[in-house]
Amino acid sequence: MKSSHEPGQLLVVDDNRVNRLLLTRALEQNDHHVSNAENGKIAMEMLRSRPYDVILLDIDMPEMNGFEVLEALWQDEELRYLPVIMTSASDELDRVVKCIEMGAEDYLVKPLNPVLLRARVNASLEKKRLRDEQRKLFRTFATPQVAEQLLRDGFSLGGKYVTASIMFCDIRSFTTLSEKHEPGEIIELLNDYFALMFDAITANNGMVNQMQGDGLMAIFGAPAYFENHRVQAVNAALEMVELLKAFNEQRKTQNKVEVRNGIGIASGNVIAGYTGTQHRATYTCVGDTVNLAARIEGHTKIAGRSILIDQFTRDGLNDSIRAEDLGEVIFKGKQQAIRVFSVNI
Amino acid sequence: MSVIDKTTFDELKQMSGEDFINELIDTFLEDAPKMIAEIKSALAANNADTFRRASHSMKSNAATFGAGQLAALAKELEMLGKENNLHETGDKLESLAEAYEAVRAELTGLKS
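Just so you know, the protein sequences line up as chains A and B, in that order. Plus 757 on top of the position in the first sequence (first one is 1) and you've got my numbering. Plus 2 on top of the position in the second sequence (first one is 1) and you've got my numbering.
Pulled out of the complex, with its shape left as it was, chain A reads as follows:
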């Protein structure tokens, strides 16, 4: 594992000068960049002023001790996932256990063993890097709020019933469009288009959970629950249409073909959860509501409207959004006729 030997930004916190000097020196010998603080209070100030990768923390300190630092880190959304290695005497393991329970990652016994020091610091650095990557990935697909919840509560494969709004969105006549353009141009178009759609969805607390070709599926109200998920979904759709309009105006000035899309939203109970394996899992929703949203999206072509929603989504909207009743439609595979509404832009 090459990456685990890359240098890290480390913070050594210890009130004892010999311990501080020695730890700093030993870590610098392993090519890390090391700063140090003589108590928890100074450490917290440093942690809030610039980023660090791993903290090596003493327990017994004046001003602010190790327990208080762990507590403060946990309270801080930005610092919560920073790995902390406790440095303690061999006869205080009961206190180390308390620190681990409070969120510390690992511990080292003083006097330090250089081999253990190197191994534990590298392991924590690796964890930090994985967490950063995970966080970055989550933030691409979801709002920071949803990403934080996922990081906090973790994954568990297995589903549950949730009430959510499901959105499907496709580009109209994409096949024709792609036949007329160079492959490179098509990919560029898709990337620009998706960037805009993602923005509108995540800005309204939705999460894009599937992309296929020119289509996407997004979930509102799960995995992080929002009571107004129906409003959020429709607002996202309105923003998507608005952004696409601006996108097309820009394309027109460059003599490029305009892009049209259709958005369908249905709300209700869905079975939601992570599917896949522990190593590669996606959050997804299945159930009637999901099928309905896909069918409604397909219906935008026939109805000639940009945004269509079902009755339950309509019922969750406030007066500021105008929804026009288009009457009942019988969809393929559905027993009952479904009332469909068009959201007016």
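Hints were generated in silico from the structure; no laboratory data involved. Glycine residues also receive a C-beta, built at the ideal position from the N, C-alpha and C atoms. Any given hint could be a false lead.
Partial pick of chain B residues on the chain A-facing surface, computed with a CB cut under 8 Å [to be verified]:
1) Gly-19
2) Asp-21
3) Phe-22
4) Leu-26
Following the hints, complete the assembly by docking chain B onto the known chain A.
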């Protein structure tokens, strides 16, 4: 008789680097008298927490240099502080100061 464990000291030297060991020894010899003074004044003021913390620091540093006896004495004091039994200190503080003197002498000689 040596009061510094050679294996521990050599490991320390290896970890910190030859040139750095002198700085580490100097730092300890500068700070240790302050720790002993702190333990003394904490005893006079019957401040068990400061007593415990200063003893803890002494124990930690003594162990780092391989000064086993000094570390053991400091640990005894630390326990008294922890249990709030400063009145049982007796001549333990004198023993600690004596042990430190021997450590100081030997560490000074070990400087390269």
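Hints and how they fare:
1. Annotation: interface hint on Gly-19/B holds; nearest CB of chain A at approximately 7 Å, less than 8 Å.
2. The beta carbon of Asp-21/B comes no nearer than 10 Å to any beta carbon in chain A, farther than 8 Å, and the hint placing it at the interface is violated.
3. The interface hint given for Phe-22/B is met, as the beta carbon of that residue sits about 5 Å from the closest beta carbon of chain A, less than 8 Å.
4. Restraint check, Leu-26/B versus chain A: the minimum CB separation of about 6 Å is within 8 Å; hint holds.
Going through the hint list in order, the structure does not satisfy hint 2, though it satisfies all others.
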